[in-house]
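Those sequence lines, one after another, are chains A and B.
With the first letter of the first sequence counted as 1, position 359 gets the number 359 in my numbering; the numbers rise by one all the way through.
To convert, count from 1 in the second sequence and add 1000; that's my numbering.
No lab work stands behind these hints: they were computed from the structure.
In this text, a Cβ means the ideal position worked out from N, Cα and C, and glycines have one as well.
Heads up, a few of these hints could be off.
[As the list claims (entries may be wrong)] Incomplete in silico selection of chain A near chain B, CB under 8 Å:
{"#": "1", "residue": "Y184"}
{"#": "2", "residue": "K200"}
{"#": "3", "residue": "D204"}
{"#": "4", "residue": "A208"}
{"#": "5", "residue": "H225"}
{"#": "6", "residue": "S229"}
{"#": "7", "residue": "N241"}
{"#": "8", "residue": "G252"}
{"#": "9", "residue": "E285"}
{"#": "10", "residue": "L299"}
{"#": "11", "residue": "L352"}
[What the hints assert, rightly or not] Using 25 Å as the maximum straight-line C-alpha spacing, the simulated SDA-like pairs for lysine to any residue come out as follows:
{"#": "12", "chain 1": "A", "residue 1": "K277", "chain 2": "A", "residue 2": "E37"}
{"#": "13", "chain 1": "A", "residue 1": "K330", "chain 2": "B", "residue 2": "Q1336"}
{"#": "14", "chain 1": "A", "residue 1": "K242", "chain 2": "A", "residue 2": "Y184"}
{"#": "15", "chain 1": "A", "residue 1": "K325", "chain 2": "B", "residue 2": "I1503"}
{"#": "16", "chain 1": "B", "residue 1": "K1568", "chain 2": "A", "residue 2": "F316"}
{"#": "17", "chain 1": "B", "residue 1": "K1548", "chain 2": "A", "residue 2": "S203"}
{"#": "18", "chain 1": "A", "residue 1": "K348", "chain 2": "B", "residue 2": "A1556"}
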Amino acid sequence: MNIKSLYVHIPFCEHICGYCDFTKLLYNEEFASKYVEALILEIKSYNIPKMETIYLGGGTPSVLELGNFSQIVDFLGSYLEKNGEFTVEANVENLTKEKLEVLRKAGVNRLSIGIQTTHDEILKTINRHHTFEDAKKVVALAKEYGFTNINVDLIYGLPGQDEKALKEDLKNILSLDTPHISIYSLSVSKGSKFYNEGIKPLSDEKDAYMYDLIVKTLTKADYIHYEVSNFAKDGYESRHNKTYWKDEEYYGCGLGASGYINGVRYTNTKSLTKYLKGEYKDFEEKLTLNEEIEDFLMLNLRLKEGFKVSTFINRFHFDPLEKFKDVLQKQEKEGLISINDSIKPTEKGLKLLDFLLRELFVLL
Amino acid sequence: MDFDQKHIRNFSIIAHIDHGKSTLADRILELTETISKREMKDQILDSMDLERERGITIKLNAVTIKYHSLNGEDYLFNLIDTPGHVDFSYEVSRSLAACEGCLLVVDATQGVEAQTLANVYLAIDNDLEILPVINKVDLPSAMPELVKEEIEKRIGISCENACEVSAKTGQGVDKVLEMVVNNIPAPSGDVNAPLQALIFDSFYDSYRGVIVLIRIKNGSVKVGDTIRLMATDKEYLVTEVGIRTPKEIKKDSLSAGEVGYLAAQIKDIKDVFPGETITLSTNPAKEPLAGYKHMNPMVYCGLYPVESKKYADLKDALEKLSLNDASLTFEPETSQALGFGFRCGFLGLLHMEVVEERLEREYGLDLILTAPSVIYRIILTKGEVLELDNPSKLPDLTMVREIQEPYVKASIMTPKEFVGPVMELCQERRGIYIDLEYFDDTRMIIHYELPLSEIIYNFFDKLKSYTKGYASLDYEYSDYKSGNLAKMDILLNGETIDALSTIVHRSTAYGRASVVVRKLKEIIPRQQFEVPIQAAVGGKIIARADIKAVRKDVLAKCYGGDISRKRKLLEKQKEGKKRMKAIGSIEVPQEAFMSVLSIDEEE
C-alpha cells in the first residue's frame, strides 16, 4: 500500500497530568538530545518518501529546548510533500515566539494545543501549570505568527467539572475561535495518576447528557461533528487523523509509537534504554482478514461520513450489506446508522458505537 | 509376566478430602518405579485437568503396579484411587467392590473427619480389610498417637500395625507397601469357573469403542473370546485386553483376581454400565455378580446449549460422559426461554459443577445451567402425587394441596467453640435440631435435619467460613416433609422467564426476591431499551428493579496507538456476548440463571 502519513512521538513532559496514559517521561535535557538523535536514525531506517501528512505528538514536543526542537522539526519538514499537512502538538507553557518561528520556517501548518479546561482551579488539580489567560495569549500569539489551522484539546468529566463549568468551558473555547476542537470524555485507564487515586469516570447517564450538550453547542457554532470526539469548521478536519480513521497505513516512529505497514500493526518499545540502542519494535501483529475487517469497521464508523459500501467491497471482496444484514437493518430502525451508498453512523450511533461494533463483530 | 492369584493385591485408598490420598498414590508409583522421576507430576492418577486445578479427585482411577517385596517375591498391586468429596461416594463404593482391602488415610494433624467415617462404613459394607495409614507425620502439629487412639475408639479398627507416613516426603511409604503384601488378602476367585467380570468403570474411545475397566472375579477372558453382557444379553468379540500402568499394556488374557481393561468394539454406549457382569458366550456363568446400588440423583438442573443448533452435540456429549459417570442422568426438556435442552440429575452441587466443566472443556460446548433444584413432591387436591424436578412446571396452586421437600440428616463435626455459629447457620437454613454429642475433648458432632434445597447452595462455604475451615460435613437423605413453599417467578420486560423460576419458602420470599432482582440488574448488561425485572409469587409482584437503557458506549480516543488494544478489547467483549442467551430481544449472561439462588447481598 502507498503510505502517506507519518507519526513521530516525543515522550517528554515537564509535568505528568493526572489523566495521561501515553508513553511519557519527565523531561531531562541530556536524554532528550540523545533521544532526538536516535529518533532521526529510526526515521531514516524506513526510507520514507514525501508524506502527505506528518504529525509530531507526545508527550510534549514543545518541551524540547530550542536546538533539539528545531533539529527534529526541520528534519521532518524535509519529508513534507507540497500541500501536505504538518501538525505539531504544543503546550501552553512552552510555545514561545522562538519556537513558533522555527515551526513556521519548517513548514508546519497546523498546531494542536492542549488546554483541557478553562477553569484555573481544575487545571491545578489535574497538574497542568497554566491558566486560561495563558492559553488565550498563546493562541493569539500563534495566530500572529500566521497559524490559522489550530486545534485545541478539551476534556469533560474532570473532577469538579460540573454542567455549569462545562458550559463555561465551551463558551470560553469558542471565544478562542480556532477552526478545530477535540473534546474527550475523561477515561481513567490503568497507569494514570487518576486511576491510582481512585477517580472514577462519569456515569453513563451524565456522560451522555454532557456529550449531547457539547454536540449541540458546537454544532450551533458551525462546527461539524466529524468524528466521535472531534469538531471542525468546514475544510479543517485533521487529514492526518483521518488516515487512522479510514484504516489506512502509516509510519510510526519514536518511543512507544505505533505504526501500520504492509498489513502489520506494530508498537515500539517503551524503554528508553532499548530505544537508544536501536531496539525499536516491541510488538508486531500481522492482521488476519477478520482483524482487518474489525479494524476497518471500528475506525471508519467513528467518522460521521462512515464508509462507502463500494470501498468495503473493493477491499474485502464481499458485500457488507449481506453479511451484516440483520444488525444493519435493526440498527437502522433503531436510528444508529443510515444506509445508502455509504453506511454512516448517526449522532446516536456515534454515542453507541462500541455497542454497535460488538453486534457486527459477532457476525464475523 | 504371569502371576498366580497369591501374588496379586487389589486395594483402594480412602480418606476425607485433603488428607493426602492422591499424594500417597504418587509416592507409591514413584517408589515402585511404575512412573519414572522424569514422568512424575503431582496427582498423577488425576488425569483430568480439572482434578489437578482444584486439587481434588473426582473419578476413581485404577493402575497396576509391580512390586518386589522384602520377602524376595514379586507382586502385582492393583491400586484404585478414589474421590474424597461426599458427592462422589458412589465412585468410592464402585472401586471398593473391585478390591479385597483398602488403605484408610487419616491426616495426623486433623484426625478422623466426617468423610473418614462415611468411607469406612462403605469399606466395612464391602467386607474389606482396612489398613490405617497416619499421614503428614512430618508436620509440627502432627499428633499420630492421638489420632491412632481416636481411630481405635471411634472406628474400632486396631492401630497396632498402623503405618506412620509422610506422603509428601515419602517417609514410611515403603512400610505401607509391605503391609499391603502381608495384610491384604490375595483374591480368591476360581480361575477354572465360568467367567464373571465386574465392570467398575468405562469410557469412550473413538477408535476402539467403549473401553471397560474390569475386575475378574472368576474364570478368565482372552482376545478372540465372545463375551456376553449379562444384563442386556448383548454379545461382542473381544479385540483387546490389558492392564494400565497407567499406560495401557496389552495382554493375551486376564484371569481371576486381576484388574484390567477390555475392548470389544462396543459402539452403543447404552449397552454398558458400571456394575454389569461380563461372562463368556460359550460357558456362561449362572448368576451375575451383585451389582451396584443405583444412586438416585438429588439435585436437578436444566442444561441448554447457548447456541440452539448445538443441541445434538450436547446430547452426544452427555451420552459419552454418562458412560464415565454412572450417576449422571438426563432427560430432554424444552423451555420457552431457552429452547431445547436436558433436565439433568446430579449427586450434589460439586458433581453438577464438574459435569458442566467437563462438558465445556472436553466437548467444547457453551452451556446455560438453570438454578439447581431438588425434587419436590406435589400432592394434588385430587390426591395424586407428582414428583417435580423443574420448578417452572409446578401446576396451578388451586390444584395443589401440599408441597413437600426432601430433607437430609446432616452431621457436622466442628471444634466446640464454633458450635454457636454452626447452629445459627442451620437455624437460618430452616434446620430442625436433633442432638449434639461430644466426639472427643475438643470436637462436637451436631446433628440437624435440613431441607436439601437449603444446603445445595452455598451452605458448605458458609460452614467453612463460620468455623475457620475446621468443620466437616456429612449427610444422608432422610425423608420428605411438608413446607410452606411457593413458586417465585422472574419477569423480564413483563414476560415470565420459565428458566428463572424457583421454589422458595414463603417466610423468606420477600427478602430473597429483592436480592435476586438486584443481582439480576447487576448481571444483565444494559440493552438498547429499559428492562424492568420483577419477582412474583402467586401472580403478585413482590420486588422490582430496572435496567436502564444504555446511553453512551464508545471509546473517546482512538488514534494510531490505540487501535490494536481497542480491537482486542472489543473482541473479548464479543466473546462474552456470544456466550449470552438471547431471550426475546434481551441478552442474558449465563450466570444470571444461577443468580436466582442468591441469598445474601454480599454474594
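Query raised in the report: Quick check: which numbered hints come out false for this structure?
Result: 2, 5, 15
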